[in-house]
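**Q** Hints in hand, dock the two standalone chains.
Protein chains in written order, with our numbering: chain A, 1 to 103; chain B, 1 to 235.
Be aware that a few hints might be false.
Using 30 angstroms as the maximum straight-line C-alpha spacing, the simulated DSSO-like pairs for lysine-lysine come out as follows [said to hold, decoys possible]: (1) B/Lys-109 <-> A/Lys-28; (2) A/Lys-37 <-> B/Lys-23; (3) A/Lys-37 <-> B/Lys-233; (4) B/Lys-176 <-> B/Lys-23; (5) A/Lys-28 <-> B/Lys-233; (6) A/Lys-58 <-> B/Lys-109; (7) A/Lys-37 <-> A/Lys-58; (8) A/Lys-58 <-> B/Lys-233.
Just so you know, these hints were derived from the structure itself, not from any lab. Note that the structure is predicted; figures quoted are calculated from it, not measured.
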Amino acid sequence: MSLASLLPTVYCLLPTAHMKAKIYVTLKPSVLDPQGKAIHHAVETIGYRGIADVRQGKYFEVTLDEALSAAEARTAVERMAHDVLANPVIEDYRVELDSESAS
Amino acid sequence: MKFGVVVFPGSNCDHDTYHVISKVIGQPVDFIWHRQSTLNDCDAVILPGGFSYGDYLRTGAIARFSPVMGAVKEFAGRGGLVMGICNGFQILCEAGLLPGALLRNANLKFICEHINMRVETTDTPFTNRCQRGQVLSVPIAHGDGNYYCDAATLAELQRENRIIFRYADAHSNVTKESNPNGSLENIAGICNRERNVLGLMPHPERASEMLLSSQDGRIVFFSLADTLAELAKAS
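So here's chain B without its partners, still in its complex pose (with noise of 0.2 angstroms):
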């Protein structure tokens, strides 16, 4: 199996996100720069956090443009798996591949700490290793994180259970002070119809050794892997 990290102008998370990969997980892992039209066979691409052209016109708007991202579209529309970290997330939902769009935090403050986010469903590739309920204890770092859709939408996203973490407390309770950014019904990231895309705000990058303080975001890495692993054995 192996991983990509796509590289936008910009983006400055691409390095830990690569680290993490390949001495966390321990998975063969390549930069993906973002004028390629391929994605060099990997099974699985993450395009990381950062400040794409500088977040110039939105957050994510420029770079949802770039060469890389027709084979990130068409990766994903045959089911290829697709996460994106911060600056991802908000370039998946300019592309189009995941619903919503990602506003200015309401206390129009830059936010940069640790936060903790509820696990709700373990029915992703990106979530298989967690418990429904799991707190983890991962950092933010952004200014536009608050999470936005229509009325029609959450609907379809609550129906089809797709958001898969929330903000919440220490203890699992998804509350209105554990809401770091304003984000509609705390949602911390969600996944698209089938699955194989997944946005969310949170760093888990930055919570996968203990050096950081924190080592809760790499199980996210690990489900990953093991999905990959599940794939290659069924093929």
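Just chain A, same shape as in the assembly (with noise of 0.2 angstroms):
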């Protein structure tokens, strides 16, 4: 067998790049958050110091289809971002993109 011949199949073992998104969502500054409250209360109860406050908020990965490019993903995610995993009236969001290699 020719080292040409061979070629075909050592492409197939390269990893393939999946973007992954990373968004998070937080609630707005001017909306009251009981649970941030309840875990500042909670770590100053352990024994923490010098925390001046505590927020909660959520945070989702999103692995994306290697068909898609990179300007694709981005549009895709900050719409799901706005319409799905975010509330626009009481929480924003961040997404950050980035192309790994699939593991």
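**A** Printed below as a string of structure tokens:
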């Protein structure tokens, strides 16, 4: 077998790139966060000092199909964050996109 | 006239609501499965209480995308009467049919108890049989009933007389102590600008028969039935 005929097999074994989106959803500053307050109180009771405030949010990881371009991926994830993952009445969101090899 | 009670996966007050409409109010009523894209020719639609989709992501956040909600939006858009009770109220807010949002109760507890709600206005299809200032003893059962909206929305609700029910004491006073969940301005229920969509956190269907210690809630259903009867006469 020649080296050339081995190349297609080798190419299939290379890791493919899946984009991962990280979405952070947090309560707007004007919205009361009693859960954050409860956590703040709890950590102070445990003994942590110097904690001025705690607010709780949500974190989502979305793995995207490799067929999408970076621009398409960002558009899709931004829309998903706005329409579903966050409630714009009470929450803000931030999207981070990175390409990384699938393990 | 015919009422419809929408059933989402996780709704659990659908049967109580159906029972009150059928047996206490004495009107025809259908269940509407959330996957239907039509409303079975109902004249009034109720989104009942419960834990649709397990309250995953946020209460009502996933139910608002159910196929039936397209029909509910269209129905509401042409003046159809829609009432959301508890989880139903949450779904209406998530769907944008009502403004604001329902947050976690301020004291972080799930509260299951009778409260008093004061009727703020009788100028709705849901309260036209009531007296202004009338106190209704109705139970709540929720962990996320803390009504919130921004200052501009609150001003609009007040200006347009769209706060329909407020938590109060037995003597009709709106007080901090009578507010079970921290809701802004003790708001227990609101309506949309056109006054055909109501959302409320308390459960009138659980206070429609003396067997459950209060029948104050039935007046909301009777008001609805009266409105539908008037509309049928007029057409």
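**Q** Compare the structure with the hints numbered earlier in the document and write down the numbers of the violated ones, lowest to highest.
**A** 2, 3, 4, 5 and 8
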